[in-house]
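Protein chains in written order, with the numbering used here: chain A, 1 to 674; chain B, 1001 to 1220.
Keep in mind the hints are simulated off the structure, nothing from the lab. A portion of the hints provided could be inaccurate.
[What the hints assert, rightly or not] From chain A, some residues computed to sit far from chain B (all C-beta separations above 12 Å):
| # | residue |
| --- | --- |
| 1 | D73 |
| 2 | E580 |
| 3 | G653 |
[Unchecked claim] Beta-carbon label-pair distances, calculated as ranges:
| # | chain 1 | residue 1 | chain 2 | residue 2 | range |
| --- | --- | --- | --- | --- | --- |
| 4 | B | L1189 | A | G112 | 41 to 49 Å |
| 5 | B | G1191 | A | I657 | 18 to 26 Å |
| 6 | B | F1206 | A | Y661 | 21 to 29 Å |
| 7 | A | R165 | B | W1077 | 20 to 28 Å |
| 8 | B | D1210 | A | W210 | 55 to 63 Å |
A virtual CB, placed ideally from N, CA and C, is assigned to each residue, including glycine.
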Amino acid sequence: MGVLSSPLAGSLVVAVGWLVVAVLGLVPTNNAFFARRIAFPLGALAGVALAAFGLQAVWLPTQALTLPLGLPDLPFHLRIDPLAGFFLMLLGSVSAGISVYSAGYFREEPSGRLALISLQYHVFLASMAFVLLADDAYLFMVAWETMALSSYFLVITDHRQPAIRSAGFLYLLIAHLGAIAILLCFGVLHGGRGDYTFDALRAAQLQPAWASVAFLLAFFGFGAKAGMLPLHAWLPEAHPAAPSPVSALMSGIMLKTAIYGMVRVIFDLIGNVRWEWGMLVLAVGAATTLFGVLYALMQHDLKRLLAYHSVENIGIILLGLGMSMVFIGFGHPAAGVLALIAALYHTLNHAVFKGLLFLGAGSILHSTGLRNLNDMGGLIRGMPRTAFYFLIGALAISALPPLNGFVSEWLTFQAALQATVIQHGVVRSLLPLFAATLALAGALTAMCFVKVYGIAFLGQPRESAHPSPLPHAGDAGAMERYGMAWLAAGCFVLGLFPTSFLLILNRVGVSLTGQGLSEQALAGSGWLWLVPTAAGQASYSPVIFLVVIAAATLLAFLLVRRFYHGRVRFAAPWDCGYPEQTSRMQDTADAFGQPIRHVFGPIYRMDRRLPGPEDTEPRYSLKVEDRHWYWLYLPVARAAEFVSSKIALLQQGRISIYLLYSFITLIALLVFVR
Amino acid sequence: MGIPLLAQLVNVLAAFLLLIAFAMLSQRRVLTLIKLLAWQGAALAASTAIVAWSTGQTHLYYSALLTVLLKVILIPWVLHRLIDRLFVRWDIETLINIPTTMLIGIGLVIFAFALATPISQMATTLTRSTLGIALASVLLSFLMMIVRQKAVPQVIGFLAMENGLFFAATSATYGMPLVVELGVALDVLVGTFIFGIFFFHIRERFDSLDIRHLEKLKED
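Let the sequences and hints guide you as you build the complete structure.
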């Protein structure tokens, strides 16, 4: 039982197990049955095991291992420390739910296609595990690129549609831009000395200027993968294109590997964090948060909307990370660790609730074939269970207590309130501003999910869009429901017992910065109360919150039963003078966002067509586009095209000219070597 | 007294090689070009044999024999058959007129000698003074490939360039190892056959062997 006692060996076994499951799926002739009944459930089981190993690793000292694989003289190094353990726990636990869901979701896929999906899916999981376990730049980059490629192929599962192919291309392009930056960052850290193990990179002493270059490269590279502004453009394209469990994996887990990379490189490998870096991260994080939520409000495609919320949540995580860097840079590691804990806690929370929401969106898509909110309505009657799980996810992402989203955002606020310890006046006054951005984003998120839930699940089916009443395929299947139930339970556990996760994350903070939370915080925190700084300053008890909410609901219910029982009468409501009322008169998703569109008008690029008074068939159309396309992406694309067209002049198509090129090169080289 | 005489013989053959290279550059007829190529091969074989005789390197005899078989007999014969089948005995058009080409060629020879002088002063071989000539004939053959517009003369230029390289190897280091020479010889032979097949395809496609037609293959 040596494997069970060593989390590193155990995690390695799980990762290799995923690879084995991936390859085995190709062997059986009836491989659709194999994938659904054996491969995905086995993958889920492996995920649970990985979560356990990760949890174990948080409490054990760091372990390292050298594999006899890789190139000659360049073996793969593995290492597991509390940070890697925490992210392995995230990967294992969230992927378990998504794998169970996938076993049900892909039930209509034909054999060959499903075998390929299963192959790419499990290779994707294994590569993420290797990214987290890697202890040298070489294995890290190999795993990172495997992750990008396997997820690219998952995104273009329906590659016959041109829109999906171009979404996949955009994703691959930005992923590679990021990978180049990461590679250069490792090169800068290496500085021409020693080898590429993380130990060597950690030990390297960098000039301050070079450390800043390495930070910028890492921030850009991992930010491209995480979807921070202005490199977010692939997210709203790739997530709707991919099958829903894949969107859940990418948004829930893959974006988090980018956060892992950022923390690993900036806090661990570069070290000596500077507060200026933190301010940059904070500014980008605040912009990303606001941008993500404002654009999410404008979307009527459910999966695109969720993708923009992923952008927003990455912004929130970056706010936490940036604050942590500012505090550490100014020499206040206790506050810095609190902000880091908030960021990492939000990372885990976002993985759980965004995974759940994408799975819910997948079930809706599966049952109704719809992604456009404006065509939905009244889904709660056809699919009550999906509606229930989706509601939990929506409450969690809106940061309502006692669910998990609230805890991490509250911790972020608590960290921001520590700003008084900073001596630098400007920074001290800026930190609360960033926290205010977070508060604004939180409120807008809640509004956005009121819109999603209200438009999609409540109200009447919009029969104008669909002749048959929605949904025609009924509620989600059993496996899909188990997957969603697992993640919904995660929302509750993370929300109700934050102290245990605080202690786990405290271990991570200690291993990264050498310092943990204050003694008072640890002493004050118990199963009931969460105390981030000191009991006198702030404390939060989700259990009491739950009890109060439950009691109030119960009381209201009893009072209503007691006083109104039997006094309900049915009558036609006043129709405001409109005798004919159809479901087309309901609020639409676009109408819901109108006030925000009005207030934040300059942020959007809108193309709106209003019907004139004489139109016999009035049509209203609205297109909201991302401004980044016009000031950033398209100019860059045009410049690349221009340079390519100039270089293409070399290609004359005449053999004499080509020979002349070789001849001139030869002569020049001969002159040069003389 | 014997060795300087042999060295002078090698020098005479080298000069002959250079002369042939210029002749090829100025020649307009394909049939004559092939004859010149065969003569170049013969001069090469003779100089290799003399070097072998004077230094006692037996493997150079094989190499000389191989040169005679391949470059004097087999490849010219293959090219003859090729132009018979393709009816391409006509005059060759050049991109630049011939006097200008010759002037450029003279410039190249001067450049090659300037380049080879420091190297040949370091070398200790019998044939060191011929390195410049070898280099010059490589460059001249390259020039011929550039200025010709038809496919067959270009291939002849390519083969002549290989001759020049071979001569350079013999003069600088008494030849390459036999295995390498065998490999190169086989490559040249196979290359000639492949070129032959391509000629037929090019003519079938464009009704001509003028390589200007290949410009149409470029994507816009």
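Verification of the hints:
no.: 1; hint: D73; verdict: holds (30 Å)
no.: 2; hint: E580; verdict: holds (61 Å)
no.: 3; hint: G653; verdict: violated (3 Å)
no.: 4; hint: L1189/B - G112/A: 41 to 49 Å; verdict: holds (47 Å)
no.: 5; hint: G1191/B - I657/A: 18 to 26 Å; verdict: holds (22 Å)
no.: 6; hint: F1206/B - Y661/A: 21 to 29 Å; verdict: holds (24 Å)
no.: 7; hint: R165/A - W1077/B: 20 to 28 Å; verdict: violated (54 Å)
no.: 8; hint: D1210/B - W210/A: 55 to 63 Å; verdict: holds (58 Å)
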